[in-house]
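Chain A is fixed; fit chain B onto it per the hints.
So the sequence lines, in the order shown, correspond to chains A and B.
Just so you know, we're using the working numbering here: the first sequence kicks off at 1 and counts up by one.
Just so you know, we're using the working numbering here: the second sequence kicks off at 10001 and counts up by one.
No lab work stands behind these hints, which were simulated from the structure alone.
Bear in mind that the values here come from a model prediction, so they are computed numbers and not experimental data.
Glycine included, C-beta positions come from ideal geometry on N, C-alpha and C.
It is possible that part of the hints are untrue.
Covered stretches of chain A, as calculated for chain B (at least 3 residues, CB under 8 Å) [what the hints assert, rightly or not]:
hint, region
1, 131 to 141
2, 155 to 165
Counterexamples of contact, computed for chain B against chain A with all Cβ distances above 12 Å [as the list claims (entries may be wrong)]:
hint, residue
3, Ala10033
4, Gln10062
5, Ala10125
6, Pro10144
7, Ala10220
8, Val10309
9, Asp10376
10, Glu10536
11, Arg10780
12, Arg10849
13, Glu10913
14, Gln10986
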Amino acid sequence: MPMQLSARWMLFAALSLAVSGCGRQEDRLRVGANVWPGYEPMFLARSLGYYDGHPIQLVGFSSAAEVIRAYRNGLIEVAALTADEVLLVAETQPLEHRIVLVCDASRGADVLLAKPEFETVAQLKGRRVGVETTALGAYMLARALERGGLAANDVTTVAVPLLKHVAAYKAGDVDAVVTFEPNRSRLLAEGARNLFDSSQIPGEIVDVMLTRRKLSESQNRTLGVFVSGWFRALDYLRENPKDAAARIAVRESVTPQQFLESLQGLDLTDRAANQRLLGSRPGNLGETLGHLSDVMLNQKILSRAMAQPVLDDRFIQATAP
Amino acid sequence: MRIAYTLRVSIPLLLALAAVLFTGIMAVYETAATFRAMESDLLRQGVSFSHILVPAVERAMQRGDVGDVEDAINRLALMPQMSLAMVCDDQDRVLLATDYLWRNRPLSETPAASRRSLIARARDARVVQSEISPDRSAVCVACPFYLDVLAGELHPTRIAVLYTQTDLAAGKHLAFDGIMHRTAIAGAASMFACLLLWGYLRVTFTRHLDDLACAATDYAAGRSDRKVRFGGPLELARIGDALNQLFSDLTARNSALVLSEEKFRVLFESSRDAVLIADEGGNLVDCNPAAVAMFGFADKQDLLSRNVVFLSPDYQPDGRASRERFREIVSAVSSGVSRIFEWQLIRNDGAEFPAEVSVSVLDIRGRRLLHGLVLDLSERKRAENELRASEAKYRELVDMAPVPMLLLDLHGRSLLVNDRFLEELGYAIEDVPDLDSLWSKGFPDAIQRLRAQNGWHAALVRCIQEQDDHLVLPDEYHLTCKDGQVRTMLVTGRVLRDHYQIALQDVTPLRRATEMLRRLSLAVEFSPSMIMITDEAGQVEYVNPAWESVTGYLLADVRGQKPRALKSGVHASEFYGGLWRDIGSGRVWRGEICNRRRNGELYWEATAIAPVRDSDGKITHYVAVKEDITERRAMEDRARQWSVELEHKVEVRTAELAAANRRIKEAMGLMQQSEAKFRAMFEQSPLGVSVTETLTGRLIDANERFLQIAGRTRFDLAAIDSKSITHPDDQPAELANVERLIAGEVPGFQMEKRYLRPNGSVVWGSVTVENLSLGVGASRLYLSLVEDISDRKKSEEALLVAKDLAESANRAKGEFLANMSHEIRTPMNGVIGMTGLLLDTSLDAEQRRYAETIYASGEALLALLNDILDFSRIEAGKLELEAINFDLRSMIAESAVPLALRAREKGIDFQCEMEPDVPSGVRGDPGRLRQILVNLAGNAVKFTETGRITVHVGLVEPTESDFLVRFAVRDTGIGISHEQQAKLFQKFTQADSSTSRRYGGTGLGLAIAKDLAELMNGDIGVASQPGEGSEFWFTVRLSRQLPQEVADEPSLPASFLSADLSAIFSSGMRVLVAEDNVVNQEVALGILRKLGLRADAVSDGAEAVEALRTLPYDLVLMDLQMPEMDGFEATRIIRDPRSDVRRHDIPIVAMTANAMRGDREQCLNAGMNDYVSKPVSPHALVEALKTWLPK
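Same shape as in the complex, but just chain A:
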């Protein structure tokens, strides 16, 4: 039964949070993320032992919504989120967060997939579109509908959790689904048609690591270790893609080959790009966030405009080779 499965999973997550109290409360750095290839470098770093001996705990969640909930409730210190989700978090606590790392920019990995008989977005008018009730989902759908010349109430939005995207599609519960890797790969394998993807809105779907502005000294130090391990893992991924894919694919429930293909849909942001995006010069992440904020206000995903989260490039600078 789906509900029981979900509940059991949540119970497990909560228990693991409780068990992780073995380290000192204030030392511990808990990083939460949902399943997304762009977040994999940190799991790769853990798998390669880069975080051994440091109180870094990586926590998987079933959806970005749960990541936000856990982050808001203080169950995790660092949240891997898309830029629009960051704005959503900031809506209620505008000045308390900072972005310390840009993980990736989606370039086709976020998609609107539909049954093969639909060829354009416009044809979806009056149809059921499955979407995770997340900011990202809402944002992707909003942008897709905009492209297809449709308004929000031209389609029936069906809230489908991320884990159910493939199942809902196969069961015919929905005609189209807003999703991303690794579901994208699986659905394409099922014959779904790509009507819209993030490569059409480059630089808008950005994944970042968000953390609170006030962390303890030792947590800040651990955060430095986390960021430098991230880039080491990126280097490893570039140099040993096979082995890295083999290590990651298991978590992602795809074959290593599929994983590598899924990486095609996004740009893993390297150090230099991070320095640019988190720096203080024009062309940084702030502009993207501003743009995003406008779209989200327009779509009533955000109820009010607010101060953007702080861009903190100290950790990037510290890891500069």
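Coordinates of chain B only, in the frame set by chain A:
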């Protein structure tokens, strides 16, 4: 009011009270803690429960599976204490609740109405919120979640809340009951324990205390036979024992009291001190016989009839009435304190006497009586007065004693030091409060101190053992005075009744005189001169060993006698009379006397006799100092004799020669006439004689002596000529002489030549040649007179060899010095260069200071080496002065620049004054001249701290051929005393050895300057007053330039280094100066550094190559003529690609004193880049640097 209480009740009562109080406080505290723990437990439980539950709830609600959520909520209701769980939608309407009653009702109607703000907060922040209700009866948790997406919405906007409320009240109630239960049990238990304690105390403690109380009461009531019964705990038993002991002691003491009273009565009656007992009114009650006697009464009753007041005069010595003071005393003692005071009393016969009275109050059976003890003080007072007077006298005596004296008490504490002690040793009594401080101050040296202490203790021990009060310390002590002066002291002392009296006698002058006397007598003893001392009558008191050995008489032989035995009889009695007259009138007599030794020999002595006077001026002794001059007189005689003989011989020989000449001349004249006669004379001549044909050199004739000299026989005569018998080396000289003879330029000649004998040996001959052709025109024959001078030549040659040896030894010394300097200089250049590089790097302040010290020390060491090298050159006479044209005025100006810079750094004013008549164009050695000037001026800068330095140059005397120029350097420095001035120009001497430590330097500079000035036909000197500065001056003689010549360099204005020059070159460039003359080095370095360049100097080519190998330079200034390796050779090595210098293409600019045109080409050919002539002018140097330094 006292409350009677018993221990056996009060202790358990107090304990019970404490137990109740403690139990109560514990109960309250535990309740609070338990409640707090419960609240936080439930709060945490509620929050984490919500975290777990809410995602599932959200998912289900979004899917519309309200049934699933309802199940979950209902199951929640089954949880204990869960009083309420419900889900409210965004409008605060209850969607689901544990109690159906609340469904679809607004929140305000539910029991959670009061928690609306909590729910709103959770919804707004989208964060789980929790709190405890104000009455602390429930824990409330609100957990927000999104409801499903509405049509037209992309993102859910409606936020529902899952609200749970857990009841605390029931749990708290239960917990409180439990705590009360436990508290009641604890209270009951502590009451029971108190009851037990009461019983125990009754049995073991209080009962026995009652017994003890009864026993004490019985004894007091007279039942003294009562014994306390033992019982109870150990402590009480011990008290019982003590009580028994007390009872028996009291009984015994009562019987002793009666006995004691009797004893005291006897004591009272027989006491020698007067005892008076009076009532408070002063009426006497009782007295003892001693009192009757003291006051001079016949009968005790007479005394008792008096009042105490009448035993005293009306007034006491302090002027107060006796009556009044008596009242005071009575009131003072009435408080029970006894008083002792002095009191004037009066006897029955009216005589007053002082007494010591001790008054106390007796309380005898309720009656207060005064008890007075009177001690007659008249005797004691008199003794005290006497003692005080005697002690004052004694102190005065000590104080006025002419020797330093110190009084110590028996513990070694100083009682008195007299004036003399303070004067001589400087220690006041505060300085030496005790013997130990005298030890430590007077004998700072531990060994001396120990010796002195041992002497002191030994003397004390001796005093004690021998019952002698004289302390005699055996040794003299070297006592250190307060001012640090050490005095030799004899120490004597006396052990008096209660102190030591120590007297010091300063024997320092005595010891000094003794020491001097000892030294003088030693000098006399070992003097090589004869010394005799006689009394005023001329009787011998002392003669020294030298006298004994010359005369042969011993001191014992002549003591007490007049030295008549010595009289030789050579001198007339008037001679001695004159002698005695002279010395008798107090004059010193000097003269030579001939005396006779014991063995009868005569000898001459040079004598000085001086009278010795005593303090009254009376002559007491004569001292004669004599020198045996017999040998000298003999030698003088001999020398005189020889010279007479020599003169005589010369006369004879001259006469002989003249005669021989005459004879020969005559013989020549008579030759045709008397061949035989000539032959005879010819053959008789002591000189070798030959006749030679002038043109051919063939020997016509020769005498035996000639043949002997030439090593030939008469048979050889025909076969030899003058050439064949002459050593080949001497042939050309002879030939030249003969040719002049032939030409008729000279009538004859004289020469020294070697004759070569057939056996190869050589004989030196002095040859006199006379032309035999008497007429004018060519010479046909000549006569040679030959004297064998081989012996003389041999000694001459030996002399030459010796000279050569000496010279080569000196050369070897010079070379050794030069090599040593070279070997030391090479690594030193490395040290200085590398330190220079180090200083270019970024250093912290301390490292920079260290590196700068290394740099300065290295430079000082190099300067020293250069000084030593100069000095050795001068010593060896190797220093050759140049004679080149130069501009004197600009040279002086240039030399002054680096000095002025140094002076300015020290804040001293520096001026250079040149008289207008000082010439520009002169000829001499500018480098060496500059060296003298820089040395003197440099010293002035070094030794002057404030004020000014003036260099004054003036022309003393211009002559046809030269100028005498005078340089003077005046400073306001430390000055030099007259004694030091004399030593100044000596080698290795500084004016004051203490300054060398402070200012550094080799002490060679002035000696070198002096030598250089003298080499330039000048002089050097100094005038100075200590503290007022000095004037050093020197003169040099410089040649005039030949009229057609011009100065090698145009003269430059003195301010040649304008500020803009220093900006031309980028700093950090490094220039190497290869130059052997130190002053030229310094000038070049000064200019380069002024230009902002780094510059190092080396002294020859090899060092230059070495420096280029180790350090990165940008340019080399290369002197051409240098010792060891000249500039050409060094350039060749630098340019050679196989050498290991860093840059083979480094620009090399030659510096040379050669003012010749061809030098430039020679330099360029040798691989150098450019050329500047010496003395180097800044202008030319700047031009060359501009061209060749990389921009």
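Just checking, B/Asp10376 versus chain A, shortest CB gap more than 12 Å? At about 95 Å from chain A, B/Asp10376 clears the 12 Å cut-off, so the statement holds.
Chain A versus B/Arg10849 - minimum CB to CB distance exceeding 12 Å, so not interface: The assertion about B/Arg10849 holds, with a minimum of 37 Å to chain A.
Please check whether the beta-carbon of B/Ala10220 is more than 12 Å away from every beta-carbon in chain A. Given that every Cβ of chain A is farther than 12 Å from that of B/Ala10220, nearest at about 78 Å, it holds.
Once the closest CB in chain A is found, is it more than 12 Å from B/Glu10913? Non-interface label on B/Glu10913 holds, nearest chain A Cβ at 67 Å vs cutoff 12 Å.
Taking a Cβ-Cβ distance under 8 Å as contact, does the region 155 to 165 of chain A have three or more residues in contact with chain B? holds (count 4)
Given as non-interface: B/Val10309, which should sit over 12 Å from chain A by C-beta: 96 Å, holds
Taking 12 Å as the cut and beta carbons as the points, is B/Pro10144 off the interface with chain A? 9 Å, violated
Evaluate the condition: distance from the CB of B/Gln10986 to the nearest CB of chain A exceeds 12 Å. 71 Å, holds
Status of the stated non-contact between B/Ala10033 and chain A (beta carbon gap over 12 Å): For B/Ala10033, whose nearest Cβ neighbour in chain A is about 23 Å away, the distance exceeds 12 Å, so it holds.
Reported absence of B/Gln10062 from the contact zone with chain A (all CB gaps over 12 Å): 5 Å, violated
Test the statement that B/Glu10536 is away from the interface with chain A: the closest C-beta pair must be farther apart than 12 Å. 109 Å, holds
May I ask you to check that B/Arg10780 keeps its beta-carbon over 12 Å from the closest beta-carbon of chain A? 116 Å, holds
Going through the hint list in order, the structure does not satisfy hints 4, 5 and 6.
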